[in-house]
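K.L.:
Given next are the chains, with one letter for each unit.
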Amino acid sequence: MAVEASSLSARRRRGAIRAGAGGPRYPGWLALPAVAWYALFFLAPLSIMAVFSVATRVGFTEIVYSFDLDNFRYLWDPLYGRVFLRTLGLAFFGTIATLLVGFPVAYYLARYARRRTLLLLLIVVPFWTSFLIRTYSWLIILDRDFPVFRALRSIGVLPEDLQILYTSKAVYIGVVYNYLPLMILPLYAALERMDWSLVEAAQDLGDSALRAFRRVTLPLVVPGIAAGSLLVFIPLMGEFLIPVILGGDLTVYAGNLIGQQFLTARDWPFGAAIAMVVIAAMTVLVLAYARLVGGEEQHGR
Amino acid sequence: MSAETDVELRGVTKRFEDVVAVDGLDLTIRRGEFLSLLGPSGCGKTTTLRLIAGFEQPDEGELLIGGRDVAGLPPYKRDVNTVFQSYALFPHMTVLDNVAYGLKQRGLRGAKREQKAREALELVRLPQLAVRKPRQLSGGQQQRVALARALVMEPRVLLLDEPLGALDLKVRKELQIELKRIQSQVGITFVYVTHDQEEALAMSDRVVVMNVGRIEQLGSPREVYDAPATRFVADFIGDTNFIERDGATFAVRPERISISRNGAAGLGGEVVTAMVVGPAMQCLVRTDDGQEVLVRQQRQGLDEDDAPREGERVVLTWAEDAALPLTTYPTGGTG
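Here the protein sequences line up with chains U and D, keeping their order.
Those letters in the first sequence? Residues 1 to 301, per the working numbering, in order.
Those letters in the second sequence? Residues 1001 to 1335, per the working numbering, in order.
Simulated from the structure, these hints should not be mistaken for laboratory data.
Treat the hints loosely; a few may be bogus.
Stretch-level coverage of chain U by chain D, calculated; a stretch enters the list once three of its residues show a Cβ under 8 Å from a Cβ in chain D [to be verified]: (1) 141–147; (2) 189–198; (3) 216–225.
Glycine is no exception: its CB is placed at the ideal position from the N, C-alpha and C atoms.
Construct the entire structure; sequences and hints are all you get.
P.N.:
Written out as structure tokens, the structure is:
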């Protein structure tokens, strides 16, 4: 039945831009504003960056347009390799941490929560305040002399020499805190569409709650996990403010390395080259991920 | 009751917050029978089924399956399986994998597991659809797969939660017959939840009529229809006229009433509407003392040119045993 219907609508759709399977026919020009916007403010600057990345710097700020791959050769230096690995590590482990914290929340919201709209709103509320203010406020909360910590230390719950601020713990707390809504919302959207009688059916057929989760729930919400992870992973690749503020040192990540090249070192071609490499690496990762979960996506409705 | 008992409920009560869904239910389900739990929505029939399945735990009372107290046992440790109204087929698996799902848990390996699953699909007459995904099937086919998936587990009791509720009439009728065939073939006890009284009467060995968490009547379809134990049962099962006469109320089925133009001793009145409803002719008569009575006659053998018309005066009569005096009815209990 479903097969007939979709082939029918495919025939009807001929000549119009393809929507999602079974979607309505719509005129292509509706996409024009978005396409124009992307062409003007994304593709065009990207092309300029690509041109810069193979240009040569002469003197202090002078740029000579050429085809010179030296900028990319400099990047082979282990110094930059470490920067890339550090960035990748932050993005990867930050995404995992956000997923681990966000999944139970989304699961609870979708399956058990009563006042969902209110709770979802509360999750989004922090976005109303500037990112910087929110991150700086963690400096106060995570300080050794924060009253709660002092009290917990004095009754022996926390060790006397515990230091959170200016360590990787603080960085991950800041990352999870800032990126959590981006993870929870797509996870919630996927879990909210979940038919829980499927889980009952699995348990009825002999699965424990845990096995039913692994065999039924998890495969069905993979698209949500993928969407949430990408939403967190991609901006994390450019993240450097949280580690700089909460990590305390002047650790270099891809994000601030690029910024330095453009603003401080005034080496635009080298900055552009780093940016191109980051973009290329991210594109490869995203494509690989999309391929990995692409098969699952079809029945994730 | 010489028959062996499969499921026994003793004083089972289930509350949801301050609503009592099942209220002190006593029920014995016999080995191999087709038992229907019938009632309007909110009567506690689905909760009763979910209590047996293990999706809910009773607040009070005992629940025995095969003579064993199953208090606190999760669904996967009970010898029962469920067919859900929404089919609940796993969308990320093929039909065959759906049917084999529970067998994997039992440690059945590759070829043997597939063979059993294929046998179950043959039982529900869908062997050709094994490699399809559930969304490629019609509603009726999906419910057959769900049935196969539960039956392949060879449970002691199969629980069916309004399995045909989402299907259109024609498919529903087909599957009713199919379910009866399958039940007699496998000999498993079926506990069938439905709000469709026709379906319950047609398929069941025994019917449990439920209302607000209690059993109104338990009996064979004939008993429930011909001798409703309470006013609720008389009203819920089939159409019933409640006729006041000589200070008492009688329940009379529309098809037990004869209609004529000039009877002597009967209830006089005027035809309000007369219409053809498929194989029957149905008249609504307003009696002289202001009651409305529904009368139904088979059209076969009826001279339709001579049938009562709207506005005509008629006289209604019925056999003595067709009128059940409601005053003598018990307020609850079994039939």
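K.L.:
Each of the hints needs a verdict: does it hold here or not?
P.N.:
Hints and how they fare:
1. 141–147: With 0 residues in contact (Cβ-Cβ under 8 Å with chain D), the coverage given for the region 141–147 of chain U is violated.
2. 189–198: Satisfied; 3 residues make the cut.
3. 216–225: holds (count 3)
Of the numbered hints listed earlier, the single one contradicted by the structure is hint 1.
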